[in-house]
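Start from chain S and add chain D according to the hints.
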Amino acid sequence: MFLINCPYCGERDQQEFKAGGEAHIERPKQPTELSDDEWAEYLFMRKNIKGVQFERWNHAHGCRKWFNMVRDTSNDEIKAIYKMGEKPPAQ
Amino acid sequence: MRNKYSVFSLIKNALSYHENWQRAWKDPAPKKEYDAVIVGGGGHGLATAYYLAKKHNMNNIAVVEKGWIGGGNTGRNTTIIRSNYLWDASAGLYDHALKIWEGLSQELNYNVMFSQRGVMNLAHNLQDVRDLKRRTHANRLNGIDAVYLSTEEVKKFCPIINTSQDIRYPVLGGTLQRRAGTARHDAVAWGYARGADAMGVDIIQNCEVKGIKRNGDSVEGVETTKGFIKTKKVGVVAAGHSSVIANMAGLRLPLESKPLQALVSEPVKPIIDTVVMSNAVHAYVSQSDKGELVIGAGTDDYVSYTQKGSHQIVEGTLNAILELYPIFSRMRMLRQWGGIVDICPDASPILSKTSIKGLYFNCGWGTGGFKATPGSGDLFAHTIANDEPHKLNAAFNLNRFVSGDLVDEHGAAAVAH
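Protein chains in written order, with our numbering: chain S, 1 to 91; chain D, 92 to 508.
So here's chain S without its partners, still in its complex pose (with noise of 0.2 Å):
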């Protein structure tokens, strides 16, 4: 349990939360063209990192905006909160 500084609404606490998994997996731009190989990569496939992670979250029960964030999964500490579309930061 932590608080989450929403780009939209401020700090709120992380039950209004929504955790959208890792962020950055691009939609593959030809999905016919792809190998069995690369959907499994695609749909299943995640880095689960210890340590300094990007992921989506979803502010499900406030502005239902999804947003970045950059999060240490070691001790749940967050380093950093971007809108979407835009460039992560440098780590």
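Treat the hints as calculated values from the structure; they're not laboratory data.
Backbone N, C-alpha and C define an ideal beta-carbon position, used for all residues, glycine too.
Possibly wrong hints are sitting among the right ones.
Unchecked claim - Straight-line Cα separation of at most 25 Å, DSS-like style, residue types lysine-lysine; simulated pairs:
(1) Lys-18(S) - Lys-65(S)
(2) Lys-448(D) - Lys-47(S)
(3) Lys-157(D) - Lys-50(S)
(4) Lys-50(S) - Lys-301(D)
(5) Lys-103(D) - Lys-117(D)
(6) Lys-50(S) - Lys-317(D)
(7) Lys-50(S) - Lys-444(D)
(8) Lys-190(D) - Lys-47(S)
(9) Lys-381(D) - Lys-301(D)
As the list claims (entries may be wrong) - Pulled from the structure, derived: some chain S residues nowhere near chain D, Cβ distances all over 10 Å:
(10) Asn-5
(11) Cys-6
(12) Gly-10
(13) Arg-12
(14) Glu-26
(15) Arg-27
(16) Asp-36
(17) Trp-39
(18) Glu-41
(19) Cys-63
(20) Arg-64
(21) Lys-79
(22) Tyr-82
(23) Lys-83
The following block gives chain D in isolation, referenced to the frame of chain S:
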């Protein structure tokens, strides 16, 4: 030579004030090389080592554990054992484990306190009723004992459940597996550790794996905090940290690691003599031999390795417990903790070879791995020794995420995720 535990050894040691019990396992320094190294000294890892030595004559092997034996998820779970899973592949896997549980204390000469007190799963809406009836039929076709109970039968089997139809999620029925139950989690790890050690397995504690050394597509050894260990076969049984080890080897797994919480109450006199689980309202409860209510809560929905969870998850579970069991309204909770569980997209485990020769993974057990400990160890040992899966774990390969042949057990995995 390992001394056998018996009533006579108990009396003999009582005479010397229990000061001369033999060590249950040695504390060796790692050798330079082993035939196989198991990463992770929890129940599954120790069981793997035990069956490698016992059934496949691989005695020159080591288990490396970053903490101490049984100090990870083995000591953090809620000890429920059952095999009432939906699909044929899962039924085969989990019932294989349940059959080993039934003779495990005798086999290990170690009392794992396996208690077949039954596990009841409750239905709270019409879809639950349909799903649970379907699962009961599927179980029976696979030779697994399962019966469907009406609301009255649920009440008769566990009288403290509130079966009033006025509550928010009334009990509409349930299933019962009588062969299911609980076991003492620490004893399982200790019993397997003692058994493996007696057959020559080196159990190396406080030894964290820092890297997997590869030569092209084959494994050459593991880098640890106690130095490099050369080996051609590495079996990774690292639960919530499986992805961390996979990343060391340059592999990606379809896993997400999340905190799962549990809690126990103050000890009270016997009040509930079975295990009752409810997927829909997310409450499950049993009572330990010490008298504590053992309660399993849910997972948080974000990736975290912190071994703690959110307060609202516990609160939600306790709300549901109190509605189902008003008698517990004045109980005080004694302890709460979290463990990190590695969850697969289809809620089924992975016991598999990988694209790297000599590297095997046993992971993805998610919220319900304890029940499978003996079967998982047996089948994973078979996979490592023969470099081929046993027919019972063939479906649980890593390639299913490529082929699409998933084993969807979200309905039977009692923790919703």
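Going down the list of hints, with the structure as the test:
1. Lys-18(S) - Lys-65(S): Holds, at about 10 Å.
2. Lys-448(D) - Lys-47(S): Measuring from Cα to Cα gives roughly 21 Å; hence the hint holds.
3. Lys-157(D) - Lys-50(S): Satisfied, since the Cα-Cα distance of roughly 15 Å is no more than 25 Å.
4. Lys-50(S) - Lys-301(D): holds, 13 Å
5. Lys-103(D) - Lys-117(D): Roughly 22 Å between the alpha carbons, so the hint for Lys-103(D) and Lys-117(D) holds.
6. Lys-50(S) - Lys-317(D): holds, 22 Å
7. Lys-50(S) - Lys-444(D): Measuring from Cα to Cα gives roughly 23 Å; hence the hint holds.
8. Lys-190(D) - Lys-47(S): violated, 36 Å
9. Lys-381(D) - Lys-301(D): Measuring from Cα to Cα gives roughly 39 Å; hence the hint is violated.
10. Asn-5: holds, 16 Å
11. Cys-6: Given that every Cβ of chain D is farther than 10 Å from that of Cys-6(S), nearest at about 15 Å, it holds.
12. Gly-10: The claim holds: Gly-10(S) sits with its nearest Cβ about 20 Å from chain D, beyond 10 Å.
13. Arg-12: For Arg-12(S), whose nearest Cβ neighbour in chain D is about 13 Å away, the distance exceeds 10 Å, so it holds.
14. Glu-26: holds, 16 Å
15. Arg-27: holds, 17 Å
16. Asp-36: violated, 5 Å
17. Trp-39: Nearest chain D Cβ is 8 Å from Trp-39(S), so the label is violated.
18. Glu-41: violated, 7 Å
19. Cys-63: The claim holds: Cys-63(S) sits with its nearest Cβ about 19 Å from chain D, beyond 10 Å.
20. Arg-64: holds, 16 Å
21. Lys-79: holds, 14 Å
22. Tyr-82: Answer for Tyr-82(S): holds, closest chain D Cβ roughly 17 Å.
23. Lys-83: holds, 19 Å
Against the hints set out earlier in the document, violations occur for numbers 8, 9, 16, 17 and 18.
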